[in-house]
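Line by line, the protein sequences give chains A and B.
Going by the numbering used here, the first sequence opens with residue 1, and the numbers climb by one from there.
Going by the numbering used here, the second sequence opens with residue 1, and the numbers climb by one from there.
Some hints could be false.
Simulated restraints, written as ranges between beta carbons of each label pair [claimed, not checked]:
1) A/Thr25 - B/Arg283: 46 to 52 Å
2) A/Ser80 - B/Arg348: 56 to 62 Å
3) A/Arg84 - B/Thr341: 51 to 57 Å
4) B/Glu338 - A/Ser80: 48 to 54 Å
5) B/Thr286 - A/Ser115: 33 to 39 Å
6) B/Asp240 - A/Asp88: 49 to 55 Å
7) B/Lys192 - A/Asp88: 39 to 45 Å
8) B/Lys304 - A/Arg106: 41 to 47 Å
9) B/Gln248 - A/Arg106: 53 to 59 Å
10) B/Asp54 - A/Gln31: 53 to 59 Å
11) A/Ser115 - B/Glu352: 51 to 57 Å
12) A/Ser115 - B/Gln255: 33 to 39 Å
13) B/Gly310 - A/Asp4: 46 to 52 Å
For the record, the hints were derived by calculation from the structure and aren't laboratory data.
Each residue gets a CB set at the ideal place from its N, CA and C atoms; glycine is no exception.
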Amino acid sequence: MLCDNCKERDAIINLTQVEHDSKVTLHLCEQCAQLKGVETGGAVLKSPLGNFLGALGKGGGTAGALVATGADGVRCPACSSTLRDFRDSGRLGCDQCYITFDAHLRDLLRRLHGSSQHVGERYDAPGDLKGGGAADPRSRLLELKAQLRRAVEGENFELAAELRDRIRVLE
Amino acid sequence: MDLTLLPDGGMRWLDASGPKSTIVLSTRIRLARNVRGIAFSQRAKDTDRKAVLDRVLEAAAASDHLSSAVAFHLDEMERPERQLLHERHLISKELAGLERDSPPRPGAALLVQDQVGVMVNEEDHLRLHGMWSGFDLEDAYAAVESVDGELGKLIPFAFHPEFGYLTSCPTNAGTGLRASVLIHLPGLVLTKEINKVLQGLAQVGLTFRGLYGEGSEVVGNFFQLSNQTTLGKTEDELIDHLGKIVRQVVEYEEQARDVLLRTAPEEVEDKTWRAYGLLKHARRLTFEETMNLLSGVRLGVGLKLLPGPGVYTLNKLLIYTQLAHLAAMDGRSTGDRELPTVRAAFVRRLLEDEPNVEPR
Numbered sequence: 001m002l003c004d005n006c007k008e009r010d011a012i013i014n015l016t017q018v019e020h021d022s023k024v025t026l027h028l029c030e031q032c033a034q035l036k037g038v039e040t041g042g043a044v045l046k047s048p049l050g051n052f053l054g055a056l057g058k059g060g061g062t063a064g065a066l067v068a069t070g071a072d073g074v075r076c077p078a079c080s081s082t083l084r085d086f087r088d089s090g091r092l093g094c095d096q097c098y099i100t101f102d103a104h105l106r107d108l109l110r111r112l113h114g115s116s117q118h119v120g121e122r123y124d125a126p127g128d129l130k131g132g133g134a135a136d137p138r139s140r141l142l143e144l145k146a147q148l149r150r151a152v153e154g155e156n157f158e159l160a161a162e163l164r165d166r167i168r169v170l171e
Numbered sequence: 001m002d003l004t005l006l007p008d009g010g011m012r013w014l015d016a017s018g019p020k021s022t023i024v025l026s027t028r029i030r031l032a033r034n035v036r037g038i039a040f041s042q043r044a045k046d047t048d049r050k051a052v053l054d055r056v057l058e059a060a061a062a063s064d065h066l067s068s069a070v071a072f073h074l075d076e077m078e079r080p081e082r083q084l085l086h087e088r089h090l091i092s093k094e095l096a097g098l099e100r101d102s103p104p105r106p107g108a109a110l111l112v113q114d115q116v117g118v119m120v121n122e123e124d125h126l127r128l129h130g131m132w133s134g135f136d137l138e139d140a141y142a143a144v145e146s147v148d149g150e151l152g153k154l155i156p157f158a159f160h161p162e163f164g165y166l167t168s169c170p171t172n173a174g175t176g177l178r179a180s181v182l183i184h185l186p187g188l189v190l191t192k193e194i195n196k197v198l199q200g201l202a203q204v205g206l207t208f209r210g211l212y213g214e215g216s217e218v219v220g221n222f223f224q225l226s227n228q229t230t231l232g233k234t235e236d237e238l239i240d241h242l243g244k245i246v247r248q249v250v251e252y253e254e255q256a257r258d259v260l261l262r263t264a265p266e267e268v269e270d271k272t273w274r275a276y277g278l279l280k281h282a283r284r285l286t287f288e289e290t291m292n293l294l295s296g297v298r299l300g301v302g303l304k305l306l307p308g309p310g311v312y313t314l315n316k317l318l319i320y321t322q323l324a325h326l327a328a329m330d331g332r333s334t335g336d337r338e339l340p341t342v343r344a345a346f347v348r349r350l351l352e353d354e355p356n357v358e359p360r
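Could you put the whole structure together from the sequences, leaning on the hints where they help?
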């Protein structure tokens with residue numbers, strides 16, 4: 001069937017409208033349907049995530065843009081990022097940002113995920129296990145090695161020597 | 001770099017041994033993690049990135065799951081080699097430094113052992129991922145989770161009692177889990193039902209992307225379906241939900257194929273044999289055309305209209321007809337104008353090795 005509008009292309013969409021109490025069905029091709037504001041298959045494929053959440057997932061920039069303005073001057077003490085940085089890039093600077101911008105992020109997380117409460121697996125980082133559980137001895141060693149690297153970088157050689165001895169004992 | 005260090009080239013999933021593997025090519029699980037107290041990647045200095053990489057390498061060496069992992073230091077690799085890893089779905093475009101004017105960052109690395117990989121210094125410090133053949137969310141998640149569990153005991157991850165695992169982009173916070181399946185839906189595309197299905201996905205909290213994930217185009221009727229949200233549900237709930245919806249989509253696809261067979265059997269048969277004929281005899285093939293023809297052949301094999309080639313061969317063709325793979329195989333640059341000829345010759349060779357596919 002040819003398109004009722006252009007009479008050139010094949011009709012692929014049936015558009016039913018109610019005008020003056022009577023039902024009118026138009027058979028339209030994709031182009032003419034789009035001109036009439038009907039979202040066609042092609043258009044959906046090109047812009048798949050037309051819905052709110054979808055758009056957020058496509059780029060962090062959009063997530064950042066959802067944070068209210070007003071607290072732009074607040075700076076994260078750990079990485080010195082501001083809320084404006086987040087709005088511009090859609091990326092947070094460090095884990096402390098989640099505490100610094102707590103209220104704004106809680107609101108954003110609710111809008112993004114429908115909740116801000118993690119209910120998945122709980123996690124205790126090595127070294128701060130509660131209930132008297134001992135950390136994996138390997139993690140103690142890795143932590144000392146990381147401290148050693150920092151000490152050497154900071155030219156704190158006294159501490160470095162001490163750390164090296166403790167590592168040797170553990171190894 | 002020596003990719004032969006990786007058994008199966010890091011792509012055991014190609015073997016089509018998993019459930020529903022004619023329709024679902026692969027299942028992928030990804031977990032985003034960051035090291036506590038170190039600036040996230042975008043804000044990180046080179047020394048921070050180096051510290052992250054050192055910690056991951058040391059933890060891997062001390063672990064059971066990654067102790068014999070192969071490590072690729074992307075900032076020390078040439079572009080075609082990085083592109084090769086990207087084409088194998090082992091690293092993202094961003095980590096590979098393939099975007100214009102953004103070479104790989106210092107400390108960007110990939111560790112791979114068996115079917116699990118860890119991208120280091122991507123958008124998050126660690127992105128653990130595993131790819132499984134067919135539709136197999138449970139096995140893929142179990143494998144990635146056990147690596148995560150072990151690394152989490154060796155490296156302090158950033159975790160918040162309310163927000164869960166903390167990630168550079170809040171869209172990944174909470175579980176940090178993205179589960180996805182790569183699914184072939186020609187039946188739904190041909191019957192024009194696909195948009196209804198894709199719109200439905202958005203309404204149930206799922207999303208779709210192209211072959212290479214975020215920002216990539218849909219080619220050859222291959223879609224990547226994944227969860228949209230990561231917070232407020234448990235890992236099992238997220239995976240069960242995706243699994244339930246994917247099973248439904250597979251059912252719709254099977255129904256659409258039945259409709260095609262009932263209403264236009266000759267057209268479908270013609271389409272698949274034409275696709276096979278072109279692949280078997282063409283002298284020049286672009287990647288996009290190859291993908292579309294492979295889609296036609298895959299449909300024919302799924303419907304048993306074509307007696308072959310095997311799904312393993314079709315999967316291999318998907319990967320090895322890509323630019324960097326062809327270039328590496330034939331000792332050419334990825335900009336070589338003869339690559340379409342090389343591609344067609346490679347396709348012919350692989351199809352000739354298959355048991356005879358003759359018309360019934």
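These are the hints, each one checked on the structure:
The hint said 46 to 52 Å for the Cβ distance between A/Thr25 and B/Arg283, and at roughly 49 Å that hint holds. A hinted range of 56 to 62 Å holds for the C-beta pair A/Ser80 and B/Arg348, which are about 59 Å apart. At roughly 52 Å, the beta carbons of A/Arg84 and B/Thr341 sit within the given window of 51 to 57 Å. A hinted range of 48 to 54 Å for the beta carbons of B/Glu338 and A/Ser80 is consistent with their spacing of about 52 Å.
Against the hinted window of 33 to 39 Å, the Cβ-Cβ separation of B/Thr286 and A/Ser115 comes to about 45 Å, which falls outside the hint. Remark: the range hint 49 to 55 Å for B/Asp240 to A/Asp88 is contradicted by a beta-carbon distance near 37 Å. For the hinted restraint 39 to 45 Å between B/Lys192 and A/Asp88, the CB-CB distance of approximately 41 Å keeps it satisfied. Taking 41 to 47 Å as the suggested C-beta distance range, the pair B/Lys304 and A/Arg106 does not conform, at roughly 54 Å.
For B/Gln248 and A/Arg106, the Cβ-Cβ distance of about 34 Å falls outside the hinted range of 53 to 59 Å, so the restraint is violated. Range check, B/Asp54 to A/Gln31: about 58 Å between beta-carbon atoms, so the 53 to 59 Å window is met. Take A/Ser115 and B/Glu352: their Cβ atoms lie about 55 Å apart, and the range 51 to 57 Å holds. The hinted range of 33 to 39 Å is satisfied by A/Ser115 and B/Gln255, whose Cβ atoms lie roughly 35 Å apart.
Against the hinted window of 46 to 52 Å, the Cβ-Cβ separation of B/Gly310 and A/Asp4 comes to about 48 Å, which satisfies the hint.
Of the hints listed earlier, those the structure fails to meet are numbers 5, 6, 8 and 9, in rising order.
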